[in-house]
Every structure is written in C-alpha cells, then in structure tokens.
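Protein chains in written order, with this note's numbering: chain A, 1 to 360; chain B, 1001 to 1360; chain C, 2001 to 2360; chain D, 3001 to 3360.
I should point out that these hints are in silico values taken from the structure, not numbers from a laboratory.
Among the hints, erroneous ones may be present.
[Stated by the list, open to error] Once the Cα atoms are required to be at most 25 angstroms apart in a straight line, the calculated DMTMM-like pairs of lysine to aspartate or glutamate come out as: (1) K58/A x E1349/B; (2) K3092/D x E3116/D; (3) K2280/C x D2293/C; (4) K1055/B x E349/A; (5) K1058/B x E26/A.
4 protein chains.
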Amino acid sequence: MKSVSIIGVTSYTGVELLRLLSQHPEFVVTSATARSAMGKRLDEIFPQLAAVVYKDGKAAVDPALIITEEPEQTDLAFVCLPHAAAAESVVKLLERGVKVVDLSADFRLRDVHVYEEWYKHIHPAPALLETAVYGLCERYRERLHNAPLVANPGCHVTTALLALIPAFANNLIEPDVIIDSKTGISGAGRSLALPNHFAEANEGADAYALTGHRHMPEIKQELEVAASDAGYPIPNGLRITFVPHRIPMTRGILSTSYTNLRVNADGRVPTTDEVRTIYKDYYAGEPFVHVADQPPQTKWTYGSNHCFVYPIVDTRTNRLIVVSCLDNLVKGAVGQAIQCANLVYGLPETLGIAGVGVNP
Amino acid sequence: MKSVSIIGVTSYTGVELLRLLSQHPEFVVTSATARSAMGKRLDEIFPQLAAVVYKDGKAAVDPALIITEEPEQTDLAFVCLPHAAAAESVVKLLERGVKVVDLSADFRLRDVHVYEEWYKHIHPAPALLETAVYGLCERYRERLHNAPLVANPGCHVTTALLALIPAFANNLIEPDVIIDSKTGISGAGRSLALPNHFAEANEGADAYALTGHRHMPEIKQELEVAASDAGYPIPNGLRITFVPHRIPMTRGILSTSYTNLRVNADGRVPTTDEVRTIYKDYYAGEPFVHVADQPPQTKWTYGSNHCFVYPIVDTRTNRLIVVSCLDNLVKGAVGQAIQCANLVYGLPETLGIAGVGVNP
Amino acid sequence: MKSVSIIGVTSYTGVELLRLLSQHPEFVVTSATARSAMGKRLDEIFPQLAAVVYKDGKAAVDPALIITEEPEQTDLAFVCLPHAAAAESVVKLLERGVKVVDLSADFRLRDVHVYEEWYKHIHPAPALLETAVYGLCERYRERLHNAPLVANPGCHVTTALLALIPAFANNLIEPDVIIDSKTGISGAGRSLALPNHFAEANEGADAYALTGHRHMPEIKQELEVAASDAGYPIPNGLRITFVPHRIPMTRGILSTSYTNLRVNADGRVPTTDEVRTIYKDYYAGEPFVHVADQPPQTKWTYGSNHCFVYPIVDTRTNRLIVVSCLDNLVKGAVGQAIQCANLVYGLPETLGIAGVGVNP
Amino acid sequence: MKSVSIIGVTSYTGVELLRLLSQHPEFVVTSATARSAMGKRLDEIFPQLAAVVYKDGKAAVDPALIITEEPEQTDLAFVCLPHAAAAESVVKLLERGVKVVDLSADFRLRDVHVYEEWYKHIHPAPALLETAVYGLCERYRERLHNAPLVANPGCHVTTALLALIPAFANNLIEPDVIIDSKTGISGAGRSLALPNHFAEANEGADAYALTGHRHMPEIKQELEVAASDAGYPIPNGLRITFVPHRIPMTRGILSTSYTNLRVNADGRVPTTDEVRTIYKDYYAGEPFVHVADQPPQTKWTYGSNHCFVYPIVDTRTNRLIVVSCLDNLVKGAVGQAIQCANLVYGLPETLGIAGVGVNP
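All chains should be modelled from the sequences, with the hints used to inform the complete structure.
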C-alpha cells in the first residue's frame, strides 16, 4: 500500500481522485490539502463521500479525513493546483522525496520559453522540465516507471493526441491539422464564472479562446515529436489550428480532427479500411484506447478511463477525419494520473480504473 | 465463480448489469438473451462495452458474447423483461434450477388480486408469490440467503420505503403519507416514446400517472408491513398518495415524503434532532443507506448503489418531511439486484457495487 | 407611449424585461440602471440585444442605451433589485412621481412584522405596504388600474396561488395544504453560487429551504385572503407546508399541491369532472390561465406568460391534487409585471406578452 | 390577410409555424394537414396552443382547427413533409394556384442529378427546379417577390452559408473549406429514434453522417454560386468537408468554418479587423444577420430568427475561422420560411418574426 496526498482537494480533479482512489487497492489517501477548506472533513465539502464503503474496516479514502494547509509526508502526491501554484508545490514535494503526479500544465511543455509565452509568468523550476515525464501512457509508458515527476496531459490534448499520433507515426498525413474540440462544462473547473453558470451554459454552445488556447502548444509539441520520430521534416514546425467549444453537458470531450492524407507508396491515398487497420495495429493491446466501429459518443466513456478513436477518409477531399472522445475528468485528467501512478510503481496499469462508462 | 444469464439484455437494466458485473469478482455473464438482438454480439448493441478490461485474460463480461433467444444454463439469472413476460421466463428458469432475481413487478405484490387489478392480466404463477423474497435488502436481508427467487423492488418504491420505514418502525407518524417523487428519464426505459424524446423531455417537468401509478400498491404493501410490525392498527390500510414526476435528467430519483408526526410519550412531537438520531440508529451499519446532514442531491448517487435519506420536522405544521434519493438504475434496480444476489450466495453484500457516485 | 426605467438591469428579470419590452408597442425603455455595469451599453452586457429589430427607426429597446447609476425621469419603472435595496429605490421613484412595479418582495407582505421576521431587517417604508397593490392580476385586476405601486408576486407563489385559489374560493378543500414545487435554475438569479454552477446543477435534483422559504408567508397571506373571502373560519390561519426543489432546467416551475377535499352539500366529495368545471368557470375569460386537459408540462409555457392548471381528485384518499406550471421568469416575474403595467395604464392586458410557449 | 395551410403540421416545423404565425398580423392559418392526426384539433396534438391569445375575437391560429388529410384552398402553403412526399404535395398545390414555401430539400438543389444521387429517388417534378427560388433571403431577396415556389434552405446550410458567403464574395479565401457543425437534437425532428431518446442523447456528443450528409451538396451549390459570382475559377468545384455533430440541447446550431486566407493586394493576409469590417459592410442593414463582437453562443438566438456571425483570423496559420449560430427551427427553418413568405407578398421582411432570443 502506498500513501497518497491530494494537493488542492477541493477541485473537480480532487474530488474525482477521491472517487476513483476509494476503489483503488494499492493507494490510500492519508493527506489532503486546500487552503479554502482547512480544518474541514472531506465529507463536509463532498457529502457524497459519506457513502464510502469500508473493507476490513479500511477504505482507500476516509471521509472523515481533515483537510490541512500543508500535506503530510506520503509516498505519492497528486497536485491539483492551478499552474504556477502547482510548480511551487511540486518543488517542495520533490525535495521531501515524494513522488509527484502534477495535473497542472507546469511541467508539460519542455521549452521554458514556450511555457512563459503562453502562461505569462517566469517558470520557478525550469530545471525540472527535463526531469518530468509527460504522462501520456500510450507514448511514454516505459519512461514512467519510477519517474519522480509526471506531467499529466491536458484534457483536450489527450483527446487530440490519441486521435492524431497514429497518423503521424505512420506517415499518413500532411503536417497540417485542424482540431475542433467540444468539451463539457466541468472542464472549466469548480471555480464560479458566468459562462459556467447553469442558466447561461444550458442550451448554449459556443467557441472560446479563439485567439489561442494553452492546450495548443502542448498538442503541437507532442505531435511534432511524433512527426519527427516518423521522419517528417518539419523545420518550421507543424501547422495547427485548435478551437475548443463549450457544450451543455457535464463531462466529456469530443474532438474532430481534420487532416490531409498523403499519397502512399501505391500513388494513392489509403482507404478508410486501410487507415482503420493501421490504427487498430497501433493501439493493439492498449487497455484504454479503442478504435471504434462507428462514430463514438462521449457518453460511452462517462466516468471511465477509456478513449474511443474513429478514423475515416473523406473520399471527396482526400482528408482524414478522426473523431475521438473521452471523459475529460478521467482519461483527460484523474484517471490518466492514476494510470501514470500505477506505472510509476510497476502496478498493473488498469488497477482501480478498469470500469466501463456509465451509460445511459 | 457463479455463471450468470441476463434475460432481456437490450434494456437499460440489461446494459447496467453488464457495466456493474464487468467489475464483479464472483459473477461471470455467460448468457444474454433478447429477441430483438438475437445473433448479435453484446458490443454491437452497446459499443461502450468494447472497453471492458480483461484480467488474466478474463472479464466478468465478454463483449463478444452472442445474444441468444433462450438462455444457456447458468447458476443465476437476472430477468430484465417487462411484467408478464418476466413471470413466464421466471417459471422456466426456476424449473431448470436457476436462481432468479426478477427486476420486473411480477413477484413483488404478495396479493394476487392486487397484482391483477393493477397489472390487468392473470398472474401466470401465483403460487410463486409466496416463494419470492422481496429484495429490499435493508428489510429482508436474512430471507434473501439461498432464496430461489428474488422480487427486486421498484425504483420509486425503494426511494420511498427507505425514507418512510424508519418512521413507521418507530411509531413516529400517522398512517397517512404523501410521496412526491421526481425521476430522471431513464426510468422510462429504452423503448421509444414521445415524452422521452430528447426535444420533448429536455427543459420540461411534468407529473404523470395521476390516476394511479403501479408503484403505489407496492409502496403501500411494504409500508403496511412495517406499520403492522410496529403495532399500528390499520384495519383499512394506510392512506397514501403517490405522484411521480418526470424531470430532465438521465438518472436519479428524489422523493419528498410528507407525513404528520405523532405526539410522543412526552406529549409533544419530536424534534428534527431526535428524528435524525432515530434514523441514524435505524440505518447504523447499513453500507448503502446514509442519513445525510444536509438536503441530499440525486447527483451524490449517480452511478452508485447508495441512497441518502434526510428527515426534517416542519415545526410550523408538525409534519415530518423526508427527502430521499438514489440512482434509479442502480439502487433503484440493478445495483440492488446485485446486492440481493450477493446475499443469496452469502457473498459480501457490497461486492462489485461499492463505488461512490460519479460527481460532478 | 410611456417611457420606462429598468432599475437593476443586469439581473435575469432585467434582461427578460428588455426582451419582452422590445416587442411592446406602448412602452419604450429610456433608462436602465445597474451599479456594476455603469457606463456600458446594454448590448455589451447582453450581446443578443444587438438583434433588436427597429420599426420606423424605433424600437422599444435601444441596444446602445448607456446604463447609469441613477434612473432618468420616466413614466414607469420596473424595480429588479434585491429586497431592501428595492424598497429604498421604490421610495425615491414614488417621490419623483414615477409609477412603480417592484419585482422584489418588499411590498408583497401586508404585515410588516411578518416581513421583518422573514427578511430579517427593518422595513424602510412600512406605510407604503397599504398603498401597494399585490400584482396577481387574476385577483386584483381592478385595483391595479392607476395604482402607483405594484408588488409583483413571487414565482413559486404565483404557481401555487393560481392552483389553489379556486379551491378555496369554492370551499372545496380543508385549510391545510402541502405545496411541492420544482423550479428551474434561473430562479436563483444571475449571481454566481456553487449550487447553480452547471457541473453541480446538471443531472441533479434537490430540495432546499426546508426550514422555511420566504415564499411561504406570501402564499399563506394570499390563500388566507381567499379563504376568508369564501367564509372559512381560520382563527389560527392556514396550515401550510411549502417545499421548493431545484431541478436541472433553465426555466419553469411545476407545483404539485396536495389538499383534502371537503364533503359537499350532497354529502360526498366532488369528482374530478366537477372540480374541473369549477376551475374552468373560475378562469373563464382569463387570457393567461388555462385549465389543462392533461397533466401540463413546464415546457408548454417556455418564454410565455401563460400558466396551466390541472386539478384531479385522488379517489383513493379524497385528496384534491393540483398541478400547475409557468415560466418563472415570465408569468412568475417579468411577464406578470408587464401584465400589471398594462393594467395600471388601462392598456389591453395582453399587450406585448401574448405569445405561446417556445416548444420544443 | 392571407390564408395559410400548413402541410404536415405534426412536425416540429409545423408546431413552430403555429407558434410564430399565432403572432403574425397578416397570415391566418385556415388549414392544417397530417395523415397521422386527421380529425384531431390542433391543441389535442400541441396542448400549449390552448394558450393562444385572441385579438378582437381573432387569432392567427385557432387551437380548435381540425387537422385534415388534404389542405383547404388557401393563398399560401408551408410544406413540412419529408423529401419526396413534399415534392408531390408541392406539385398539387401549385396546380391549385397556391403559393408554396417548401421546407423540405426537394427544390433546393438545381441539378436534378445531384438531387437524385443524394436523395436516392427519381425527382417527380424536375421542371420546377428552375421555378423554385432558393429561400436564403440575404442572397435572393429580389427574386423572392411574387415567387410561386420557395425552396427553404436547410438548417446547417443556412448557418454555413451566412458564415462563408461574405468571404467568397470578397475573394478572401481559397475555395477549400471545412465546416464543423454542432446541432441541437430538435434538428432530427419529432419522429422517434434511439439516438434522440433523452437518456441516449443527454450528456452525449457525437459526429454523424461522416460518409456524407445531404446538406453538403446544398452548401457546395450555394458557395460555388457565390464564388463564381466573385470571379473564382473553380472548374472542379469547391473542395468542401462538412461534418455535423449532435450535442445535448434542444435548439441551436453552431458552425465553425475553417478556411485558408488569400494574400490580398498588399501581399499579405488581412487582419481580423479588416475581415470584420468587410463582414459588417456585407451585412449592413440586414435585420437578421449580425456580426458579433465576441464569440456568439447559440443561446443568443433561442426561439428567434437571428443569426450571429463571428469571423477571426488565426494569425499563426493564416486561416480565417468563422463561427456562426442560429436557432435551427427558426432562422434554420420556420422563421426563414416566414421571412420568405413576407418577401413573396411584399410585406415588411421582419413581420411577425422580429423578437430577440429567449435568454437565459
């Protein structure tokens, strides 16, 4: 059993960690912090936790645990703070020998200049950018073993990368992509804001961050790695447009990616069947990524760590369109973080997060 | 390991059984029937099942299982058919020595005349009404052990009974109750009907079955048992009004029950604190029923087998109001059915259904 | 043409007034106030107003109107402030000779002690409580003509009163009622609060204000007037329980009222048909209250000033159940306020608010 | 006053016509047909119509109107039938001298071969394809005057065309567009189907018709006209990808269009400000199309005939992105049909459809 801290427990990622870890056989939450809720029990903030079931008198989460300002010493910490605050916390935790999975963006971008351009502040620990392992398990599984610091990917980012990496890895497409992403409102977090007020968000859809969303450079970084690994010459980098949209649902991201197919060795573009075979091969054996036989719906993944990917060739335009979806709070955040933690400790990768989506 | 059939697998209770049993360590689904989907794989009907995770090459649910018309021989069957069809299936299964949890209403009412009045057809196996154990675990836990046939309670019924039984058991209230119940749309099942069409149901709330809902006699039966056990003289039975409402959400039932308090031995009505203490004592040790400290929200229970109960005294009128909520597809149906099955086999009652609600 | 001020225009009642008045042929908004948005154009706060259509170069609402701190002099003002602040504003407006429709609770309760008990502050202008006409048009139509001050009823209150007044007026029921009311989230207003955050409210239903909601004394006051007018002896007042619930939709209130029928002159309780006839007679000629032939759905009234009422006798218990619904922002607030204003000026009562509900 | 028939009144376009025409001062519905509802009153099918308000004893819609199989003789008919059935009805109506606005796709495509390829049946009246005026008022306003037959545009089509026509008309972009469109569920109509069942659609988002949606050739046709008019050489036609998505709301379409900017006369691509000026000029004076100052939300248009368009330059890729939205049942169907009918009769274009969106 490993002891776990949750730093910033009053967030949606915090409470989702509590839900999933309550069923995890190897992690036990022994510390939870949140400045705004110091001194309170977990179930005062999240009353549904009163329903935690005990096994042999023990649960992976004790609803009576008192929230503190600073974490107790634990084996592992999940950091659920906003960027900047997260980095400060991570530095301290690493100094205390705690393994860290950071759910913020602070250690995702390898180039500190890109980070500082997009996040508008000086990175407090740029040296750690080398140490951090990017927590997309399907790409960096080996490196995660024993990693001291995991940078857990963004939600839109995970959806987009799982859709597009196989295409780059197999030289299927031009280095020019458009990603149109639709997210449920929980993606905006638990902090109050008018666009996320029920009466404003319900029955409404809109695009946001049209001048540039911070998930764009993260997608770009990882797709460029995949393209480079596959031999793409991209001296000027990848051309990429990413537009996120808010739609009136609580959970779920659906990304539709538009790309231009390359002509293959036979002098033609591949068919949908050929592309699907390539994708199925690419994800063969992956427990959490599934190539769907029909356009997937976000609801297939509700509350689960699974991602569905659906590639199809638009034969009229020779475009490859890839639809992908997942639960932004699970595979897009907390489930993936636990998947990483399982890998860090050499545990079975699916431990505690194996369930299928709640549907309907 | 017990082998399990699901009879009528294309229903919402069918698919919810698949989801929950996929995580159950002692039950393995080896047979699934549905006339409308004969010959198809489970994941053709429910593509999210492609995400089932295998452990040592095995899962409690194989997405490639072929749906048949008649069930294979198994240890246990969950019957997810409409009433009447369910009874016919149950009779055959029992003859084959299969233990049965019937999710229909066919064996819930002990009085065959009441059944025939409300369900408008001749009961095909009235003798079995004696055999069947009513599957409200909190009441009939002991009887469920080794029971050949379990009549799984209705969803509104479970919500109402868990709210009101402690009050009758403790002689707190008059034998006259009003239950105003609000249900999510999944309660109406997977069959298409205009009121459950998205564009009709969304942003709409209405009352239905105002001339009498079939869950009423079931609530009445069980509350009368509780009242009789507590010594109530109710020669004319309980006076009860039950009005269900549809509200625009997928899952969840919230019932608000209105009753009149009795004067206690001190010549006064009890306080909220006193009532809460009585309720907490009544449900002490129950893994799935929780007396909440604040008005509970259906969402606390989303996807889980838990029920929250909140009693409060309206001091201006000396009424006891009890708010209760649960997930209609889990504690209101499938989760409770698995809880029953666990008890039938002497397994830990919470096996496979211990998780807390998906929230937010 | 009458000039109109909207005091507190950044509220949901403010913007709904802008929407409805943009189609009103006799009222033109010439002043709008809001401390938090001073100096801004209306369409900076509510961009959908850019779509106002001009007729002969004129519209009842100019999207470019600048929001001010204090109102300009106008014929009429709608006050959309929270209680207490509203009363202060009303006093000043009346001194300037402006006719006022106050949408707050400040002038609804005729007994200043009841007001101060429920609203926990000293009423700044108790003398005006006599002057104010309670704006339930169906009851006080005549008094509204030329009234200087209208106290616009609460949203739950309107729904409950329209359901129950005919029953008291016709001596049908005992003076003991339970009102179970379900409201969409816009009823909580535009101010941010966790329970109204989309991810918290969506897929959730709960009861609130169980120790007492401020709409209760208002319902009680008006039902007692109706009962007294009908000759009820109620020395100790009406016995009333009112429980509001939040359900996941933007607009709409559905109230289910439970009462006990009196025995009529024939020594029996009336039938549903008899009660329906009484209700139809009571509301004959009313443009906005309709006795429905089937249980009504809130969505029938979406965006409209209409209310549907559905009485039915529970023959098993001799209870009269009345279901009623309306749009909380229209007949429950702004539409009723305009209806009142039409009556104040002797205009046709339906002017500018005649539309049917947006459905689906 | 013109008399109006609604052919196929039990559809969502049928009931929306009833709602909007109930407020129209010049059109009176004197006939309504629907095979499935013959002999019933309008308000038996749509009970909310009981709330129609009469003016001088008259309303533009009488809720007691009896639905027939064949229409009465009227001045004008709105045809709300599925394709193929619509064409048959249109032919008969034209023979009787009735002016027709057809809401189906039967007369939208000018090339009968394209029609037959996409709709998979022989067109019954190809000669009328020349007669029909495509009902995008902003493009074909003049031709609509006195037109005997109007082909009302598709919902996704209107959203896309209003976003992209100004760009083609001003030579801003390459003839290669991607349109990612998100629609509310009412777009699928009133017929029952599993994907539109509440419990399936709620909290779910997916893409559909990925192998080709019938709105694509319609968008292509009209963009090619716009491009040709602007002097584009497009011998092989426009390259276009259109992907529609279902999102969990009742009404509204949001389209995000992705295009590549052309270099202008100054040897550079235009700025967002320049593009916005061009769009504002293009739509100057349009009563129903508005160039928004911020990304628009579908909810701004709920229940209204307005469309918001928001162009922005992605400076990293020199793409022009245009977000556009409207209510699929109003500007995307019925409101636009009434706008057309107003123009056919030389009435003010905004008559009866001037309202702003219901918001929140």
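Hint check results:
no., hint, result
1, K58/A x E1349/B, "holds, 16 angstroms"
2, K3092/D x E3116/D, "holds, 21 angstroms"
3, K2280/C x D2293/C, "holds, 11 angstroms"
4, K1055/B x E349/A, "holds, 11 angstroms"
5, K1058/B x E26/A, "holds, 21 angstroms"
In terms of the numbered hints stated before, the structure departs from none.
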